[in-house]
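Asker: Let chain A serve as the given structure and place chain B on it in line with the hints.
So you can see what is in the structure, the chains are spelled out below.
2 protein chains.
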Amino acid sequence: MTTVYGIQLSPFARKVILALEAKGVEFEINPVTPMNKPEGFENISPLKKIPALQDDLVTLADSTVICEYLEERYPQNPLYPEDLVARARARWFEEFSDTSVLAVAGPLFFERVVKKVMLKQETDEARVSQIIEEEMPKVYGYLEQELDEAGFIAGEAVSVADLALGSNLINAMYAGVDVDSTRWPKLAAYKNRLFSTELFANRLASDKAMMSA
Amino acid sequence: MTTVYGIQLSPFARKVILALEAKGVEFEINPVTPMNKPEGFENISPLKKIPALQDDLVTLADSTVICEYLEERYPQNPLYPEDLVARARARWFEEFSDTSVLAVAGPLFFERVVKKVMLKQETDEARVSQIIEEEMPKVYGYLEQELDEAGFIAGEAVSVADLALGSNLINAMYAGVDVDSTRWPKLAAYKNRLFSTELFANRLASDKAMMSA
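As given, the protein sequences belong to chains A and B, one line each in that order.
Under my numbering, the first residue of the first sequence is numbered 23, with each subsequent residue one higher.
Under my numbering, the first residue of the second sequence is numbered 23, with each subsequent residue one higher.
Just so you know, the hints here were simulated from the structure itself, not pulled from any lab data.
Here the structure is a predicted model, which means the values were calculated and not measured.
Do not take every clue at face value.
Treat identical chains as interchangeable: a pair holds within one or across any two.
[Stated by the list, open to error] Pairs of lysine-lysine, DSSO-like flavour, derived with a Cα cap of 27 Å:
#	residue 1	residue 2
1	Lys45	Lys138
2	Lys137	Lys59
3	Lys59	Lys230
4	Lys208	Lys138
5	Lys208	Lys70
6	Lys71	Lys208
7	Lys45	Lys230
Just chain A, with the same shape it has in the complex (with noise of 0.2 Å):
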């Protein structure tokens, strides 16, 4: 069997478990979250960060290893392109999804979801403020540039890139904060065109599903 250790919520364990899900590999969730690691975790994951990917092969930490992994022995649904630049394209869009997206989104999950939900504290909304003012327009800018009015991130597929800011995007989503159609109309198409991927509209009702449980 395969084990994602994480918790669905994380922007990096939902994009290995869409990974998984693309694939069709039968996988089963062990919820390791940040603040509640079993006792000897370092030796599934020797930085102790979430996700970490355990079968009958490897026992393997960081989403972006997982994925290349998860894509050479399960190449069916492929999740890079075929194309040399697209796929570089692609692993640009991932790292930069992985970074700079999360530096706007995992804040904002942050203060208005695991604060307020979670550690029961009120949210910073002088930080929200900031980065919806300041950081946001930023990333998203150069998004919007790099996007098409059609497709996904690196092509006409889904890829990589795609599993990664698009587990970034429904983070802010869930802290309130939605792309603004009139200042990144093609952000905001490319969003609701993603979350309207069978794979997408699962995961989101399989979120759905968790939180009101």
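Answerer: Showing chain B alone in chain A's frame:
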């Protein structure tokens, strides 16, 4: 022509330079430093990070993304093992080097080389001691446990993981912090093996020539 934007003393630029040299790809260096970025550099590297790589097909940032691209474009002298599990291991140790080993070697190099030689500032030796005593043992201890008596990180051949780890070990060495062979004998022997390869020996000679100029 292939152009690397960056300076050869940066560990991430060095990783890309080593990859190009391993594959025998001709290139030139445009010596962009973190402190000296040309006007419009964001058109080459969207986050203004170095290194970036430009050739007839792509303009690409992020050393990990660049190395994957170089491997696919120039399959000769592969830097990723053929075996699925070894490939995952190579990518994991590339990531570990780029983050955890950098978190040791980066500040050491900054304190002892960048500040002293380039910025004409005092080295903070308390910070250096803290890194050597607290951070380094965790990182080097993990590597010691993972390395074999022979070969390289992910097999008999030098892989992208060795480029990333070696690049950081070089900068720690330039900061006067070598691997203690009584404490981490396998890591020290690995370092000697790696630095004795033609690839690394030539790179070290190039640094030496540059620094004495």
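Asker: None of the hints should be skipped; say for each whether it holds.
Answerer: For each hint, the structure was consulted:
no., hint, in the structure
1, Lys45 to Lys138, "neither (35 Å within a copy, 52 Å between copies)"
2, Lys137 to Lys59, "within (19 Å within a copy, 38 Å between copies)"
3, Lys59 to Lys230, "within (24 Å within a copy, 46 Å between copies)"
4, Lys208 to Lys138, "neither (31 Å within a copy, 48 Å between copies)"
5, Lys208 to Lys70, "between (37 Å within a copy, 24 Å between copies)"
6, Lys71 to Lys208, "between (33 Å within a copy, 26 Å between copies)"
7, Lys45 to Lys230, "within (22 Å within a copy, 49 Å between copies)"
In summary, the structure is inconsistent with hints 1, 4 from the numbered list given earlier, while agreeing with the others.
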